[in-house]
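Line order of the protein sequences matches chains A and B.
Counted the way numbering that gives the first Met the number 0 counts, the first sequence spans residues 0 to 313.
Counted the way numbering that gives the first Met the number 0 counts, the second sequence spans residues 0 to 270.
Hints in this document: simulated from the structure, not taken from any laboratory.
Treat the hints with care, since some could be wrong.
[Claimed, not checked] With the Cβ distance kept under 7 Å, some of the chain A side facing chain B (calculated, not the full set):
id, residue
1, D79
2, S99
3, V272
4, H273
5, L275
[Said to hold, decoys possible] These stretches of chain A come out as covered by chain B in the derived footprint (C-beta under 8 Å, 3 or more residues):
id, segment
6, 63-74
7, 196-206
8, 245-251
Glycine included, C-beta positions come from ideal geometry on N, C-alpha and C.
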Amino acid sequence: MIEVDKLVKRFGAVTAVDGLTFTVRPGHVTGFLGPNGAGKTTTMRVILGLDAPTSGTTRVNQQSYQALIRPLHQVGALLDATALHPGRTAEAHLLSVAQSNGIGRARATEMLRLTGLEAVANRRVKGFSLGMKQRLGIAVALLGDPRVLMFDEPVNGLDTEGIAWIRQFMRALAAEGRTVLVSSHLMSEMAQTADRLVIIGRGRLIADTTTAELIESSTRKDVLVRSPRAGELAELMTARGATITKEDDGGLAVTGLDAPTIGDLAASRGIAVHALIPRAASLEDAYLDLTGESTDFRAASPRTTERPEGVPVP
Amino acid sequence: MTAIDARPGPVTPAAPVPVAVRARDVLTSEWTKLRSVRSTYWTMLVAVVTPIGLSALVAVTLANAPGNSPPVDPLLPGLLSLEYAVLAVGVLGVLTFSSEFSTGLVRTTFAAVPRRRAVLAAKAAVLGAVTLVAGELVAFVSFALVQAVLSGKHLGVPLSRPGVLGAVLATGLLLFVVATMGLGLGAIVRHTAGGIAALVGLIFLPAILGLLPAPWGGRVGRFTLLDAARQVTALHPATNLFAPGLSLLVMLAWPALTLLAAALLITRRDA
Numbered sequence: 000m001i002e003v004d005k006l007v008k009r010f011g012a013v014t015a016v017d018g019l020t021f022t023v024r025p026g027h028v029t030g031f032l033g034p035n036g037a038g039k040t041t042t043m044r045v046i047l048g049l050d051a052p053t054s055g056t057t058r059v060n061q062q063s064y065q066a067l068i069r070p071l072h073q074v075g076a077l078l079d080a081t082a083l084h085p086g087r088t089a090e091a092h093l094l095s096v097a098q099s100n101g102i103g104r105a106r107a108t109e110m111l112r113l114t115g116l117e118a119v120a121n122r123r124v125k126g127f128s129l130g131m132k133q134r135l136g137i138a139v140a141l142l143g144d145p146r147v148l149m150f151d152e153p154v155n156g157l158d159t160e161g162i163a164w165i166r167q168f169m170r171a172l173a174a175e176g177r178t179v180l181v182s183s184h185l186m187s188e189m190a191q192t193a194d195r196l197v198i199i200g201r202g203r204l205i206a207d208t209t210t211a212e213l214i215e216s217s218t219r220k221d222v223l224v225r226s227p228r229a230g231e232l233a234e235l236m237t238a239r240g241a242t243i244t245k246e247d248d249g250g251l252a253v254t255g256l257d258a259p260t261i262g263d264l265a266a267s268r269g270i271a272v273h274a275l276i277p278r279a280a281s282l283e284d285a286y287l288d289l290t291g292e293s294t295d296f297r298a299a300s301p302r303t304t305e306r307p308e309g310v311p312v313p
Numbered sequence: 000m001t002a003i004d005a006r007p008g009p010v011t012p013a014a015p016v017p018v019a020v021r022a023r024d025v026l027t028s029e030w031t032k033l034r035s036v037r038s039t040y041w042t043m044l045v046a047v048v049t050p051i052g053l054s055a056l057v058a059v060t061l062a063n064a065p066g067n068s069p070p071v072d073p074l075l076p077g078l079l080s081l082e083y084a085v086l087a088v089g090v091l092g093v094l095t096f097s098s099e100f101s102t103g104l105v106r107t108t109f110a111a112v113p114r115r116r117a118v119l120a121a122k123a124a125v126l127g128a129v130t131l132v133a134g135e136l137v138a139f140v141s142f143a144l145v146q147a148v149l150s151g152k153h154l155g156v157p158l159s160r161p162g163v164l165g166a167v168l169a170t171g172l173l174l175f176v177v178a179t180m181g182l183g184l185g186a187i188v189r190h191t192a193g194g195i196a197a198l199v200g201l202i203f204l205p206a207i208l209g210l211l212p213a214p215w216g217g218r219v220g221r222f223t224l225l226d227a228a229r230q231v232t233a234l235h236p237a238t239n240l241f242a243p244g245l246s247l248l249v250m251l252a253w254p255a256l257t258l259l260a261a262a263l264l265i266t267r268r269d270a
């Protein structure tokens with residue numbers, strides 16, 4: 000279990016994490032989502048005792064990280080897979096980390112096998128691809144057989160095969176009852192991996208929910224209707240309980256009635272319909288809706304839809 | 000060591016691990032790190048081979064100098080040649096920490112061992128042991144070579160003469176002193192180039208102060224690392240510097256203070 004309580008971290012004038020509170024529980028893959036610069040990595044560094052919080056606390060398995068004896072037995076983390084001495088072999092790197100926590104060579108060798116690095120164990124890591132470095136980082140994280148695992152953007156830069164491997168790996172770890180926290184800035188990635196989501200933006204909590212709930216509550220479903228007699232049709236649909244938003248180009252965004260019903264209704268009154276398109280916003284759109292207000296640097300967007308300031312948190 | 004099962008066992012309570020065991024863990028880890036990079040072997044090779052060859056060369060030059068009784072300390076070649084080797088081990092010392100900061104590896108290290116001073120101490124111990132052994136090896140081999148050359152001209156001194164053994168032992172300390180000082184600077188500056196610049200600045204710049212006109216040359220020079228080292232290792236100590244015993248303390252104070260500053264800073268800064 001990971002507990003983050005009223006965490007604040009400032010770097011000079013920049014507030015990276017701004018009063019963040021959430022709990023990550025065992026048995027699930029918890030996605031830690033937010034745009035780049037939202038404070039995900041900083042939060043993970045504080046949890047690992049690498050950065051000192053400005054205020055607030057973080058605890059792992061009910062203990063402060065600094066108090067952990069041989070912490071690799073409780074927490075395994077992969078922050079930056081490229082943070083390696085280029086001249087050291089994979090085996091020497093893994094062994095040196097293992098030894099610092101009283102873990103023996105046999106376990107280190109076992110982790111190389113588990114991550115498929117046996118064949119390159121004696122090669123210097125400077126020749127490794129990013130995918131191989133990610134595997135080595137995961138081998139390090141698993142050394143102490145920890146109950147808590149944290150991965151920072153583990154699929155960044157990986158090929159499809161590598162992504163599938165990591166995804167399946169994280170799900171297996173959670174299924175074994177471990178606490179797994181995985182950060183990402185991609186909703187689409189997390190939708191396929193995470194059961195729970197902690198979404199942050201500009202260092203603040205935006206949503207703490209399950210993936211299913213987020214899909215349920217945030218997914219917009221409507222029907223786009225175009226008709227030369229739009230006004231007349233709109234009245235009919237409103238009378239049947241539909242909610243209608245007029246779009247800029249004259250189309251009607253209809254919720255509350257499904258496409259067949261609208262088609263039948265129009266036909267019954269002899270109203271021509273030029274378009275009848277059921278639309279479903281993706282989870283990615285839901286995520287953008289949630290974090291759109293809190294992105295530090297955003298490209299000018301062609302989307303004109305106004306979003307309310309206080310987005311309802313499911 | 001037994002292999003741990005890949006599946007999670009019951010949550011292991013934080014079993015008390017004796018401090019001595021934890022110290023051994025970190026020492027073993029740092030030893031693995033030191034011997035698993037090539038730079039260690041290259042710098043140690045330079046640090047051992049260069050001074051041995053150089054001291055023999057200096058001895059030959061001294062022995063063939065015109066005029067019969069050069070007022071030169073017969074132990075000086077051994078030390079002079081080591082003054083070049085200090086750069087190699089100093090760089091190794093800086094790299095030992097700065098390379099972890101520049102690659103980001105230090106975050107893995109500190110996450111595995113949250114007691115950062117234990118990491119600093121272990122690095123100092125491992126690097127110190129290696130450079131101490133290498134330094135003493137160089138000092139004694141150099142001494143044997145130099146005396147072999149000088150004795151042909153009846154200028155040599157035997158190891159049995161009072162003060163000679165101590166002086167040779169002290170000569171061998173120089174590599175250890177500079178390597179651990181470099182380590183401290185690497186932890187303070189956290190950049191390789193900056194750390195090396197700081198090391199060179201602290202060792203060689205003050206040496207220029209020793210050239211100030213009397214009495215200032217001695218008054219300031221007695222606190223510099225290289226003058227203190229010469230004083231400790233000389234058969235006939237200079238009169239304007241500290242006595243050899245005190246000079247030995249000056250020599251050891253440089254790495255001690257550097258490591259102390261590193262220990263204070265290392266827990267205060269974000270990794």
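Of all the hints given earlier, name the ones this structure violates by number, lowest first.
3, 4, 5, 7 and 8
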